[in-house]
Amino acid sequence: MKDIREDIAWAKINTDVLRSLENPRKLYWVILLIAIAMIGVAVGCEIYQYNMGMGVSDKNNSHVWGLYIATFIFWIGMSHSGTLLSAILHLMHADWRKPIYRFAEAMTTFSLMTAGLFVAVHLGRVWQIYYALPYPNGRGVWPNFQSPLLWDAMAIFTYLSSSILFLYVGMIPDLAICRDNMNPGWRKKLYTALSLGWEGTDRQWRNFRVTYLTIACFLIPLAVSVHSIVASDFAMSQQPGWHITSFPPYFVAGALYSGCAAIITLFIILRYVFKFEEYMTLPILKKIVRLTFAIAMVWTYLNLIEYATVWYGHDQASKDVLIQKATGVYAPFWWTMNFCGSIVPLIMFFRRFQTNIPVLFAVSLLLNLGMWLERWMIVAPTFSHGYYPWTWDSDQWPSLIQWGIVFGSFGWFTLLFMVFCKVFPSVSMYEVKEMVYHRSLATKKLEATGKLAAAGKGAH
Amino acid sequence: MSVSNLLENWSDVRHTHPVDDVPHTPYKWAMSIDLDACSGCNACSVACYAENNLAVVGKEKYEHGHSMHWMRIERYWDEDGREFPDQGAQFLPMMCQQCEAAPCETVCPVGATNHTPDGINSQIYNRCIGSRYCEANCPYKVRYFNWYDYPTTDNVWPAEMNQQLNPDVTVRGKGVMEKCTFCIQRVTVAKNNAKNEGRLVHDGDVQTACQQACPTSAIHFGNLVDPESKVYKQWQAQQVELDKDEQTKDKGTEEGGVSPEGEGKLRGYRVFEELRPYPSVMYLERVRESDI
Amino acid sequence: MHRFIRLSVLLMGLFAVASSYAADAPLPAPMTEDDLGPAIEQPIEFPHNRHAGLRNPDDPTNSDPLKGGMEINCMYCHTFARRSAVAGIPPLQKCIGCHQSIDTVRDKPRIKKLFEYWDAKKPVPWKKVHDLPDFVRFNHERHIKRFIFQQNRPVQEACGYCHGDVKTMTVARRSKLLSMGWCVTCHEKEHLVTAEGGIPVGNQAYWYSMHKPPVDPSGIVKAKGPNDCSVCHK
Amino acid sequence: MNSGSVKHLAGQPFDRRDFLKVLGWSGAAVALSGCGNGSVEDGRETVVSYVEATDYMIPSISVYFNSTCAQCDAGCNITGRIREGRVLKLEGNPDSAINRGKTCGLGQAGVQHHYNPDRVREPLLRSGNSGEAITWEKAYALIAEKLNGVKGEEIAFLSGGVSGHLKVLLGNYLDSIGSKNHFVYEAIAPAVVRAANKKSYGVEMPRFNINKAKVVLSFGADFLGAWVSPVHFSQQYAQFRKGVNGQRGVLIQVESKMTLTGANADRWLVVRPGTEGILALGIIHALGAAGLALSGDVAAAVKGYDKARVSADTGVSVEQIDKIAAILKARTPSLVLAGSAAEGYAHGSQNAAAINLLNQVLGNVGKTVEAAAVVPFPQMTPTTGNTAALKTMNNGLAAGKFKVLFSYATNPVFTAPGAMKFKDNMARAGFKVAFAHYLDETALQADLVLPLDSALEDWGTQVPEYMAEGAQINIQQPLMEKLHANTDGKGTRGMGDILLALIKQRRADDYRKYDDYYAYLRAAVLQNKGALGGGVADDETFWNETLSKGIIKLAGATHALSGKASVAGLSLPAPAAIDAQYPLQLIPSVNASLRDGRHTNQPWLQESPDPLTTIVWDSWVEIHPKKAAELGIVEGDIVEVSGKNGSIKAQAYLFPGIHPDAVSIPLGRGHEALGRYAQGYGVNPFQILDAVYDKETGELALHETRVKVSKIGKRVIVVKDEGFAGGKQMGKKIAVRVSSDKVKLSGEV
Amino acid sequence: MSKRHLLALFSNFDEAEAAVRELRGLSVKGFNADKDMIVKSPIEHPEVEEFLGDKPVYVQWFTLGGALAGGLLAFFLISGAQANFFSQIKGGKPVVPFPPNFVLTYEMFILGGVYITVLGFLICAGLPARRSPLYSAKVSEDQIGILVQADEAASSTLKAIFTKHQALEIQEEAGK
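Sequence lines, in order, name chains G, U, Y, P and W.
Oh and the first sequence: position 282 is 281 in numbering that gives the first Met the number 0, straight run, nothing missing.
Oh and the second sequence: position 4 is 3 in numbering that gives the first Met the number 0, straight run, nothing missing.
Oh and the third sequence: position 233 is 232 in numbering that gives the first Met the number 0, straight run, nothing missing.
Oh and the fourth sequence: position 191 is 190 in numbering that gives the first Met the number 0, straight run, nothing missing.
Oh and the fifth sequence: position 51 is 50 in numbering that gives the first Met the number 0, straight run, nothing missing.
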C-alpha cells in the first residue's frame with residue numbers, strides 16, 4: 000500500500016486542503032468549545048493564585064516545585080516531535096513526512112507557547128518577570144546568566160522564534176495558494192500580506208530551498224539543546240535524583256517520545272475532523288507508529304540506564320530517592336509511568352495494531368499520560384526525599400489550583416492548534432504535490448525500465 | 000567599556016571561590032555552634048522572629064509546610080531502636096549555612112541571591128521573582144518562601160503588632176524567597192561604624208540575634224579572617240578549613256589526619272561538607288558521657 | 000560573493016561593538032526637564048535659595064537680606080544627615096531658634112505660618128521630596144563622612160550629587176533620577192580610597208568591591224563604591 | 000514610612016522620666032509595603048519631624064534602655080531597643096548576674112505581650128454578658144462604693160507572685176481596707192520543693208551552682224526549660240558542659256516524662272512515676288555499699304532500699320544504679336536537684352526530702368548548694384504561693400465568706416484543677432475586680448476589669464526569688480509611651496498607679512505627696528539611697544544611674560545553710576499499684592514557652608515548636624510507642640483522656656521519652672478566652688486534674704491524676720516541624736554525637 | 000523601447016523545459032533569456048534550475064554571518080555584563096564562568112543564524128515582492144508558467160515558441 004495516491008490531481012490537493020479552512024466536521028467546534036471551557040478553568044485558577052499568592056497551589060517550603068514545572072517540561076518535550084518530523088526527516092529526505100509535518104511543526108510552536116505560560120504561572124511574582132530579561136535597564140543590573148532557568152528562557156525563545164519562522168517560511172508557497180484561491184475578505188487580505196507576493200518563481204524557489212534546509216539544519220541542534228537545557232535545570236542542580244549525567248539525552252528521548260505520541264493523537268483527530276483521509280494515510284501512520292516504537296525503546300533503555308546508574312552508583316541519597324519512587328507515596332504514579340512508557344508501546348510492535356486507529360488513539364493517550372507522569376516523577380520525589388531528612392514531606396499533594404491550571408493548559412494548546420488548523424493549511428499542499436510528483440516519477444521510471452518504454456517526465 | 004573592563008580584570012573574574020585563594024578580606028563572616036551546649040530551647044528562633052520581621056503563619060499554614068522560621072531547631076533521636084532515648088535527643092539549630100559556593104546562588108535567574116564581598120549569601124528581596132529554584136537546589140532546605148502576602152492580606156501583623164517590626168529589615172511580600180541573612184542589618188551597622196572610625200570591625204562589635212539570645216552561648220559569630228576573633232580560633236582549634244570538602248583531620252592518619260578513634264577527636268564538622276557548598280557554619284559535635 | 004563576505008564581517012563587527020556597549024552598565028538617559036520631580040506643595044514654601052544661596056556679590060555684607068542668600072551650610076539645619084542613615088528633617092525648634100530673633104521678616108506670611116505651628120506645638124507636615132522605595136536604604140552618614148569629612152569636598156557639591164543645586168531652589172525639587180542605575184553609575188567610578196586624614200587604611204579598598212583596586216605609582220588607591228547588593232537592600 | 004501622629008514635645012522640662020515622650024514619633028506606623036515596588040512618588044508621603052529634639056534623638060538610630068523581663072518570675076534583666084519611640088526588641092542586660100545578656104524565647108516574646116492586639120484598653124464594667132467601657136474615675140468610685148461597709152475579712156485579694164514596691168504598696172492597701180486575705184497563687188511553682196528545701200537546708204531557694212558541679216543528678220528539675228531561673232541555669236549548664244580543666248560535667252536526669260533538660264542529659268533514666276524518692280534512697284544505699292561513709296541514721300533510713308528492691312520499684316536497672324553511685328562517688332562535687340517531677344505527688348515532700356538527703360550525703364551542701372544572698376528589705380522579697388493558698392480561698396468563696404474579690408496576675412479559672420470548681424465558687428463573691436492585660440478566663444468572670452499597662456510601659460521594682468550572685472533589685476521602667484494611653488479617662492494604667500489611687504481613697508494624707516507610682520517609687524528608692532549603694536551621690540544622679548543600669552545590686556547578707564542531713568519523718572510509700580480503671584498516670588508537662596498559659600496569646604510562642612515534639616499551635620497527648628501499639632493508637636489519632644474529673648480530647652503523639660504507664664499533656668493551651676492567638680487552640684489539662692494534695696504542704700499534686708486513654712476514631716495530621724522522617728537522620732551526618740572519652744575538651748577554645 | 004510581458008502556462012515540465020531551452024538558445028533583439036525570463040512553478044523543482052543555467056544562491060553567507068554575529072553578541076554581552084561593576088560571585092564560580100556562557104552563546108549562535116538566514120532569504124528572493132504584471136493562479140495549482148519580457152518586436156517570436164511547445168495558455172500584457 001502506498002503512502003499516498005500517486006494519481007491524485009494537484010488541483011484536488013488544493014481543493015481538499017483549502018476545504019479544511021472552510022468546513023470542518025462539527026466535532027471541530029465541539030473541541031473548540033471544550034478547549035475554551037478548559038482555558039476558563041485555568042484562567043480562574045490563575046487569577047485566584049495571583050491574588051492570593053503561590054500558597055494556594057499547595058506547595059511548601061521544602062517542596063517548592065510541583066505540577067507547573069512538570070507540565071512545563073511536558074510541553075517543552077511535546078514540541079520536539081515537530082522538529083523531528085519537519086527538520087530531521089526533511090534532511091533525511093523521508094518524503095512521507097510531507098503531508099503531516101505542517102501540523103507537527105504547528106504543534107511545536109503551540110506547545111512551546113503553552114510551556115512558556117507555565118514559566119509565568121509558576122513564578123511567585125509574575126509581575127516582575129521582566130527582571131529575567133536581558134536588556135539594558137535603569138537598574139543597571141542584568142539577569143543571572145549562570146542560571147539554567149535563564150538558559151531555558153533563552154533556549155525556548157530561540158526555539159519558539161525559530162520554529163515560528165520555520166513554520167512560516169515553509170508555509171509561504173501555501174499561503175500564496177490560499178491567496179490565489181480565497182474569495183475576497185479578511186482572510187484573503189491576510190494571506191496576501193503573509194505570502195509576501197510569492198509567485199513561485201525560480202529565484203524564489205531557489206533561495207527558498209536553501210533557506211528551508213538551513214533552518215532545518217539549525218533546528219536539529221537547537222531542539223536537542225533545548226531539552227538538554229531543560230534537563231540541565233535538574234542535572235545542573237545538586238539534588239539527589241536530579242544530578243544525573245544521563246538526564247540530557249534522557250530528556251531528549253522523552254521529548255521525542257511524547258511528541259510522537261502526541262502526533263499520533265493529533266493525526267487521528269485531524270484526519271477525522273478535517274477529512275484528510277486522502278493525505279494522512281494509514282501507511283504514513285504506520286511509519287509514525289514504527290518511529291514512535293523505536294523511540295519508545297530508546298527511552299526505555301535510557302530510563303533503565305538512569306535507574307541502573309543510580310542503583311550502582313555510590314550516591315546513597317540518589318538511591319534513596321529511587322527507592323522512594325518505587326515504594327513511597329509516589330509509587331502508584333511511578334509504576335504507571337513505567338508501565339505506560341515501556342510496556343504500553345509494545346502494542347505498537349504488532350503489525351495489526353499499527354494501523355488500528357482506535358487502539359492507536361488509546362495507546363497514544365496512554366503514552367502521553369506516561370510521559371507526563373515521567374516529568375512529575377522527576378520533579379516531585381526529589382523534593383519529598385532530598386538530602387535533608389528533617390524536611391522530608393510526603394503529604395505534599397498538588398492542590399486543585401495546580402490541577403486546574405495544568406488541565407487548562409491542554410485547552411489552551413488545543414485552542415491554538417485548532418484555530419491554526421482552521422486558519423492555515425495544516426497539510427502542506429506544495430510539498431504533497433512534490434511528493435506525488437516524485438513518487439509518480441519514480442513509479443514511471445520503474446515501469447519504464449520494466450517496459451523499456453520511454454516516457455516523459457511526468458504529467459499531473 | 001565593558002570589554003576593556005573584562006580584560007583588565009580578567010584574573011579577578013576568573014577566581015573560583017573559596018578554593019583559589021583567601022576568599023575574602025578583610026571580612027568573612029562565619030559561625031560556630033556548639034551542639035554540646037545547645038539545649039534546644041528555641042530562644043534563638045524566637046529572637047530571629049523578633050529581629051527579622053518573620054511572619055507567624057498560623058496553624059493551618061504551618062500544617063501545609065509554610066512556616067517561616069529562618070532558624071529551626073531540629074530534634075533527632077537515636078536510630079538504634081532502643082525503647083527509651085536514654086542519651087537524650089540531639090538538637091541542631093539549622094539556618095542558612097551561608098555557603099561559600101552556594102548552590103542557590105548560581106541558579107537564581109535574576110541574581111537575587113549573591114555572595115557578598117564579606118562572605119554572606121545575600122538575599123535581595125526586591126529582586127526576587129519567586130522562581131524558587133534556589134530552595135529547590137538548597138541541600139539544607141533553609142530558604143523560606145512567602146506563599147502568601149503576610150504583610151497585608153494575612154493579617155499577620157495586626158494594627159499594633161506592626162509597630163514591633165524592625166525598620167532595618169524589609170518586610171517581604173508574597174512571592175519572595177527569604178532566609179537567614181546572618182543579621183546583615185546588624186553587620187552593616189557595625190561595618191559602617193567601623194568605617195566611620197577608620198578601623199575594621201572588632202570581634203564582638205556585632206552579634207547576630209540568635210547568638211545574642213542564646214542562653215547557653217552555643218552560637219558564636221564573627222570574622223573568620225580576623226585572627227583575634229573567637230570564631231577564627233574555634234575553627235582553627237577544630238582544624239576546620241573553609242575551603243575543604245573533606246577536612247584533613249577526617250582523613251586517615253597516614254594522610255595527616257587525626258585518628259578518628261581514641262582521645263583527641265576534634266568535634267568540628269560542617270553539615271554536607273562533601274557536597275562542596277563550603278558552608279560557613281561549623282558545628283561542634285555533641286558529646287555524651289561514656290561512663291554512665 | 001565578496002560583498003556578502005564584507006557584509007558579514009561588517010555585521011559581525013557591528014554586533015560585537017553593540018554588544019560590548021550594551022553590556023556596559025547602562026547609562027540612564029541624560030536628565031531632561033521632564034525628569035525633574037514634580038513640583039511639590041509644601042505646607043510652608045521654604046526658600047532654600049534665601050538660606051543656602053550665594054550672597055549677593057554686590058553686597059558682601061549682606062546688609063540687604065532681600066537680595067541674595069545667606070550661604071548657610073546644608074548641615075546647619077540638616078544635622079541628622081551626618082549622624083544617621085536617615086536625614087530626617089530639622090526640628091521646628093531649629094527654625095524658630097533663628098527666626099525668634101529676626102524681627103524683620105516676622106510679619107511675612109511664611110514666617111507667620113511657622114510660628115503658628117510653633118505655638119500649636121505641632122511639627123510641620125513636610126512632604127517627602129526625595130522618596131526612595133521602602134526596600135532601599137541609602138546611608139546619608141557614610142556618604143557625608145566620605146565626601147565631606149574625608150575628602151574635603153564642599154558641602155553643597157557633595158549634597159548636590161543627589162539633591163541637585165538646592166541653593167537655587169525655593170521649595171526643593173528632585174532633580175536627579177535616583178534610580179538604581181543612577182546610583183550605580185556613581186558607584187562605578189573610581190573614588191579615592193581614604194580614611195581619616197586621607198591615608199589609605201590597610202586593604203580597605205577591598206571593603207567595597209570584589210575587584211582589586213588599582214594603585215598608582217604614588218601609592219594612591221582608588222576603588223569603586225560598594226557593589227554589594229545587601230548594602231542597600233536588606 | 001514614618002508617617003503617623005506626632006507627639007509634641009515642647010515645653011516640658013526634660014528628665015529621664017520623660018525620655019520616652021521626647022523620643023517622640025510615638026506610635027509611628029511602619030510601612031508594610033515591603034519589597035514590592037511600592038509607591039515612590041515625590042510628595043506623596045509626609046516626613047516625620049520633631050518640634051523639638053534633643054541630642055540623642057536621631058532618626059534611625061536606636062537607643063537602648065534597661066528594664067526587667069516580666070514574662071516569668073526569674074527576674075532577668077533586659078535591654079530594650081527603642082527606635083522612633085517604639086520598642087522593637089528585647090535583649091538581655093549583659094550586666095545582669097541572672098541572665099548575663101541572654102534571654103529565652105519567652106523573654107523575647109515580651110514585645111508581643113506589649114503590642115498584643117487583644118489587650119484590654121479601657122476599664123470594663125460588666126453589664127449583663129458584655130462589658131461597658133467606663134472611665135477610671137468611675138471605676139475607682141465603684142470600688143470605693145463596693146468596699147464601703149464591707150468588712151476586711153470579707154475582702155480577698157488573689158494575686159500571682161508579687162515582690163518589690165508593688166508588694167509593699169499592696170500590703171499597705173490591704174492594710175488600709177483591713178483585709179488580711181492576700182492569697183498568692185502561681186499555678187506552676189516549686190512549692191513543695193521550697194518547703195523541702197526549707198527543711199533540708201534552712202532556706203527555700205538556695206543557690207545551685209550547676210557550673211561548679213561535676214555531676215548533676217536531677218530528679219525531674221527542668222532547669223533548662225521552665226524551672227526556677229532557666230536562663231541563669233542554662234548559662235551555668237554551658238559552663239558545666241565545658242567543665243573545669245576540660246572535665247566535662249555529667250548530667251543525669253531521672254523522670255517519667257522527658258523534659259528539655261532530660262533531652263540534654265548524658266543519661267536519661269525513666270522511672271515509674273512517683274518513685275523518684277525511692278531511687279534517691281536507693282542511690283544512697285548503693286553509695287554506702289560502695290564505701291561512702293553514711294551517718295548512722297541515714298544508713299538506717301536507707302537500709303531497706305537495696306538495689307534489687309529499688310530496681311523493681313523504679314524500673315531502673317541495678318547496673319544503672321551502681322553506675323550512678325560510682326560516678327557520684329568518683330566525681331565531686333556533684334549536685335542533686337529535686338524538680339517538679341519529684342514533687343508532683345501526694346508524697347512529693349517525701350520525694351524531695353529524700354533527694355535533698357542525697358545532696359547532703361554527698362556533701363554538696365555548701366559547695367554546689369549554697370545560701371543565696373537576700374535583699375535586706377524583707378517587705379520587698381517575693382511572696383510565693385501555690386495551690387494551697389488557692390484552695391483556702393476557694394473554700395472561703397464556696398462558703399460565701401468573700402464579698403469582694405480582687406484578682407491580679409493570675410488566672411485561676413483557667414489553671415485551677417477542675418475538681419475545685421473555682422469558676423462556680425468565684426461567682427459567689429458579690430463584686431469581683433480583675434486587674435488584667437487580656438480578657439482572660441478569670442477577667443471574663445469579673446464584674447470590673449481594670450486594664451493594666453504592659454511591663455514595657457510600666458514602672459516597678461522586682462526582687463527575684465532566685466538570687467544568682469549577690470542580691471539584686473530589678474528596676475522595671477517604661478521603654479516607650481503607653482500604647483493605649485487614652486486621654487478621656489480610659490486607657491491602660493500601671494498596677495502601681497492603680498494601687499496608689501485606691502490607697503488614696505483610704506489614706507489620702509499619707510500618700511498625697513505621691514502624684515503617681517513613679518513618684519512613690521522614686522521617693523522610696525531615694526529614701527534608702529544609702530542601703531541601696533547610693534553613697535554620697537545626689538538624688539538625681541543616683542536615680543538616673545539606677546534607671547540607666549536597671550539593676551540595683553546589693554551586697555546582701557546570706558542566710559546560713561543547715562547542712563546536716565536529717566532523716567526525720569522520711570518515709571516513702573511503695574509505688575502505687577496500677578489502677579485497673581485508670582491505668583495511666585497523667586503528667587501535665589510544663590512547656591518552657593507557654594508555662595501556665597498566660598503567654599499563650601503571643602503568636603511567636605504558639606509558633607515556636609515544642610522542643611521535643613516540634614508540635615505547634617495545638618495540644619497533644621504523649622504516649623510511649625509501646626503503649627500506643629498496645630492501644631492501637633497511631634500518631635494523629637484523636638484520643639480521649641479521661642479521669643475521675645472529666646476528660647479531654649487531643650491528638651496523640653508517639654513519644655519515646657515517656658514511661659509506658661504514663662501519658663503527658665502540655666499545660667498552657669486550651670484557652671476559651673485570652674485572645675485571638677490563644678482561643679480555641681488545644682486543650683486544657685488543668686480541667687481534669689484530680690484534687691490530690693501533697694500530704695505535708697497541702698499543695699496540689701500535679702502528677703497524681705490517673706487516666707485512661709481511648710481512641711475516638713478520628714485522625715488528624717499533627718502540625719509539627721518534624722518531617723516525614725520523624726527525627727531520624729537517615730544515615731546522614733547532620734547532628735553528630737561523640738562519646739566523651741573520644742574528645743579532649745581542654746584543647747578547645 | 001517598451002517591453003511587453005508574456006506569460007505562458009504549461010501543464011507539463013517536459014514541455015516547459017523544452018520551451019525554456021529554446022528560449023535560452025534564442026537570440027532575438029530585445030530579449031535576453033538570462034534576464035528577461037522567469038519560470039514559475041507550483042513546487043520546488045531543482046531540475047528547472049539546471050536548465051535555467053547557473054544561478055548562484057547567497058543565503059548561506061547570511062547564515063554564516065548571522066550565526067557568528069549572534070554568537071559573538073551573546074558572548075560579549077554576557078561576559079561583559081557579568082564582568083562589569085555589578086559583578087557578583089555566585090556559587091563560588093568565577094564571575095565570568097564559561098560553561099553557562101557557552102550555552103547561551105550556542106543558543107544565540109542559532110538564533111542569529113536563523114534570523115539572518117530568513118532575512119537573507121527575503122533579500123535574496125526579493126521578498127516581499129510586488130506582483131509581477133502577469134500572473135495566473137494556475138501557477139500555484141498545477142501549471143508551469145514562463146514569464147518573459149521582450150520588446151514588442153520579439154514577442155511574436157516568443158509566442159510562437161510557446162505555442163510550439165503546447166502552451167496551454169498565453170497571456171499577454173495589455174498593449175499600450
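Hints are supplied without guarantee of correctness; some may be wrong.
[Unchecked claim] To spell it out: a stretch of chain U is covered by chain G in this simulated footprint if at least three of its residues, at any positions, have a beta carbon under 8 Å from a beta carbon of chain G; those stretches are:
hint: 1; segment: 27–41
hint: 2; segment: 64–71
hint: 3; segment: 130–138
Calculated from the structure, these hints are not laboratory results.
C-beta: ideal position from N, C-alpha, C; glycine also.
Each hint, compared with the structure:
1. For the segment 27–41 of chain U, the assignment as covered by chain G is violated, since 0 residues bring a beta-carbon within under 8 Å of that chain's beta-carbons and 3 are needed.
2. Counting residues of the segment 64–71 of chain U whose CB falls under 8 Å from any CB of chain G gives 4; the rule of at least 3 is met.
3. Closer than 8 Å: that is the beta-carbon criterion, and the segment 130–138 of chain U has 7 residues meeting it against chain G, so the requirement of 3 holds.
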